[in-house]
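**Student:** Single-letter residue listing:
Protein chains: 2
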Amino acid sequence: MSDTPDSVVRTYIERHRAAFLDDLVAWLRIPSVSAQPEHADDVRRSAEWLAAKLSETGFPVAEIWPTPGAPAVFAEWPSGDPDAPTVLVYGHHDVQPAAREDGWHSDPFEPLLTDGRLYARGAADDKGQVFFHTLGVRAHLAATGRTAPAVNLKLIVEGEEESGSPHFRALVEEHAGRLAADAVIVSDTGMWSETTPTVCTGMRGVADCEITFHGPDQDIHSGSFGGAVPNPAAVAARIVAALHDEDERVTVPGFYDGVTPLTEAEREIIAELPFDEAAWLRTAKSHGTLGEAGFSTLERVWARPTAEVNGIGGGYQGPGGKTIVPASAMVKLSFRLVDGQDPDKIERAVTDWVAAQVPAGIRHEIVFGAATRPCLTPLDHPALQSVARSMSRAFDGHRIRFTREGGSGPAADLQDVLGAPVLFLGISVPSDGWHAPDEKVELELLLKGVETTAHLWGDMAETMR
Amino acid sequence: MSDTPDSVVRTYIERHRAAFLDDLVAWLRIPSVSAQPEHADDVRRSAEWLAAKLSETGFPVAEIWPTPGAPAVFAEWPSGDPDAPTVLVYGHHDVQPAAREDGWHSDPFEPLLTDGRLYARGAADDKGQVFFHTLGVRAHLAATGRTAPAVNLKLIVEGEEESGSPHFRALVEEHAGRLAADAVIVSDTGMWSETTPTVCTGMRGVADCEITFHGPDQDIHSGSFGGAVPNPAAVAARIVAALHDEDERVTVPGFYDGVTPLTEAEREIIAELPFDEAAWLRTAKSHGTLGEAGFSTLERVWARPTAEVNGIGGGYQGPGGKTIVPASAMVKLSFRLVDGQDPDKIERAVTDWVAAQVPAGIRHEIVFGAATRPCLTPLDHPALQSVARSMSRAFDGHRIRFTREGGSGPAADLQDVLGAPVLFLGISVPSDGWHAPDEKVELELLLKGVETTAHLWGDMAETMR
Chain L
62 MSDTPDSVVR TYIERHRAAF LDDLVAWLRI PSVSAQPEHA DDVRRSAEWL AAKLSETGFP
122 VAEIWPTPGA PAVFAEWPSG DPDAPTVLVY GHHDVQPAAR EDGWHSDPFE PLLTDGRLYA
182 RGAADDKGQV FFHTLGVRAH LAATGRTAPA VNLKLIVEGE EESGSPHFRA LVEEHAGRLA
242 ADAVIVSDTG MWSETTPTVC TGMRGVADCE ITFHGPDQDI HSGSFGGAVP NPAAVAARIV
302 AALHDEDERV TVPGFYDGVT PLTEAEREII AELPFDEAAW LRTAKSHGTL GEAGFSTLER
362 VWARPTAEVN GIGGGYQGPG GKTIVPASAM VKLSFRLVDG QDPDKIERAV TDWVAAQVPA
422 GIRHEIVFGA ATRPCLTPLD HPALQSVARS MSRAFDGHRI RFTREGGSGP AADLQDVLGA
482 PVLFLGISVP SDGWHAPDEK VELELLLKGV ETTAHLWGDM AETMR
Chain E
62 MSDTPDSVVR TYIERHRAAF LDDLVAWLRI PSVSAQPEHA DDVRRSAEWL AAKLSETGFP
122 VAEIWPTPGA PAVFAEWPSG DPDAPTVLVY GHHDVQPAAR EDGWHSDPFE PLLTDGRLYA
182 RGAADDKGQV FFHTLGVRAH LAATGRTAPA VNLKLIVEGE EESGSPHFRA LVEEHAGRLA
242 ADAVIVSDTG MWSETTPTVC TGMRGVADCE ITFHGPDQDI HSGSFGGAVP NPAAVAARIV
302 AALHDEDERV TVPGFYDGVT PLTEAEREII AELPFDEAAW LRTAKSHGTL GEAGFSTLER
362 VWARPTAEVN GIGGGYQGPG GKTIVPASAM VKLSFRLVDG QDPDKIERAV TDWVAAQVPA
422 GIRHEIVFGA ATRPCLTPLD HPALQSVARS MSRAFDGHRI RFTREGGSGP AADLQDVLGA
482 PVLFLGISVP SDGWHAPDEK VELELLLKGV ETTAHLWGDM AETMR
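Those sequence lines, one after another, are chains L and E. Counting in my numbering, the first sequence runs without a single skipped number right up to 526 at its last residue. Counting in my numbering, the second sequence runs without a single skipped number right up to 526 at its last residue.
Just to be clear, a hint being listed does not mean it is correct.
A pair counts as met if it fits within one copy or between any two copies, since identical chains are not told apart.
Said to hold, decoys possible - Computed cross-link-like contacts, SDA-like style, restricted to lysine to any residue with a CA-CA straight-line distance of at most 25 Å:
| hint | residue 1 | residue 2 |
| --- | --- | --- |
| 1 | Lys346 | Val478 |
| 2 | Lys383 | Leu342 |
| 3 | Lys383 | His275 |
| 4 | Lys383 | His228 |
Please keep in mind that the hints were generated in silico from the structure rather than gathered at the bench.
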């Protein structure tokens, strides 16, 4: 057998795997917990460690970008080829809190390599998945004989993702010029399973609001007045109940306007995934499914917009009873949005719909939080095809399937501000225990991540030129 | 003019009015606040003061009845006539908390007599209205020349009404034999207004429950799972919303079964009252009316059963948003009941109705509190006619109208345990400020209460014989 690019890549990775893992272990030892102020220094140390390592990898530019919170790391490696497309990789170097007493079987910040797995907080979310890009780009150079990547390669690795990315959008807006790219690769997700490699093609957006309903000026006696004045807790409940029809479709007029429908091809792709409802319900810690008529569970959480009540409260909630008509009540609603929906229009539609339903005698206020837009990359997008093709090479020619993500995240800010399609390249699997004790990454999959990126930059340079 | 019974009564009252007021002032000085443990001795002192005063009035029996909480006072004055009916008067000697800094213009426990009013905590609720029975029965004897009342007169004056009468039903059950009566006169209510003397003819009952809904085993991510699993806060809201139809009628099957309908005569009586909606809304501290279609506001609160949500809670209620499907939610409901409704049947109907609406995947529990039955005395009941006639004599021949009370109270326990009709004799007016600062009683009305009872025992002895 001759030295095919694929075999060169594998040989290179095999030769450098030990040093790669040693480095990753060193990084994982830094408890960069962004949510805990006592770890602020560790988060800074983590950023500095990464910037130094990216320099060492060969990135000519590797900078710490401060924010009002924890710092981000930016690195750039120009291709040298004037026609090369520009790719921005997104990840984060902060981690979730972790303590031995949460149920860990080993110290969360003393990485443990055993049985082909690396156990540590951040092993999968997200340090492992950021770090495979270092060895990946070196393997790409080794396999192609280049001295710089085939694409203009940029990395933005933020330090506050586990704290809700409070300063990320501002950071992206501030540095929009330097972050400009033809495509964004988000390395902070996962695959369907060890045996079903997949690429995520989009995330839902989200808009949320709190509505407060005011009735009597104070709690009043339900014997003397009940049944004759409007009850704000009943109004709150009626609004929540009226949000869905008997098919669990959202009733707010205009809510579905513009929603990009699932194509038959997309529905087939979702239907072909080896979905096990009982296993999914265990993950959801739930005891039944309920959702929009005409759609499967995966379609409901990935590709359909929803309205959910996240909180409701009003009147007396203590022990026993209290016969009052409450003075006020509130509901917190959130709306997951999909491609084609505009958060601003949704907010106006919800505002009007609520106002139309509040009876005389009840005053209400509605306040929206900051919305996140949905993002979706079409299945036939060339960059997406590049990712799937590169991943398939790493996975021994295995067919790569496509998933979506029901949640919402800062990826949408990148799409939004930079105007670039967002692709998701992740090798984590559901058993990796994100945010849970005994978080781990599968070594074999981690190295397949390396291998995927080793192929990806050449493929994208070819496809997107 | 000859000495008619009415003029004898008036003369007698006029002659004894100063001493009567002195005594009442002395009683009002005792801060018998049952809700405040530091006043437990005062509540006891109040009971002892009253028992002594009733002995002095002439009651051959005047006893302190202990309870696990504050003591009650029982007094009895047999008629001596073997055919005499027995009447039990109910009242309470404990008062609401009061402090100068709540907004009183004088010390709540240093009674102030000014401009024909007596200001003090308990002046109207309920010491004044208990105390008019002492002078009333003496005036009755003076006018009739009797040495004992024309009826077997009993008084039960509890000491925990302002704390929810926690031991009253048990006390009535324990002493049911000694409390046995042909009619109960509750002296703890009021009239429509100074210029519209009224008799209350019934109170609504009440049943209440708390329903808890359990969904996921813990709060789960609404991005990953929302829209595909049942949300217990939405289920709680849907139950509350489904409680009423578009006519604000309660939808629980069987809820209205057996409800004694308002007669045309009763509706006319209610409609003739000088009801001022704006004034009523001010009292209700509300900004609109809403209730069962086809009934007026007074009919809704007095004579129609209702379902009210007293509290609702579930999910995240703190500041900002939290994108979860909550693990659980709860609602507290209460049902006001009217004559013809059985709390046990209502509880079963609600239990079945809720169960039928909870979707698969949601577990629920429903717990009912202790119910209070409704009580209603028909307009043509002879005892009620006696009360109205006696009151009319006291009010210079004024027509006496009839009201009801939307709330629920221990009166129903008396009806329930003793099997006697309950009548309400009260002279308090809405401006008396029950439970509020500057509580007062109108002296002229207080003396009309004396005068009413001075006529009542003879009339009842005549009518009910």
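**Student:** Compare the structure with each hint and give your call.
**Tutor:** Here is how each hint holds up against the structure:
1. Lys346 - Val478: neither (36 Å within a copy, 50 Å between copies)
2. Lys383 - Leu342: between (37 Å within a copy, 21 Å between copies)
3. Lys383 - His275: both (19 Å within a copy, 22 Å between copies)
4. Lys383 - His228: between (45 Å within a copy, 18 Å between copies)
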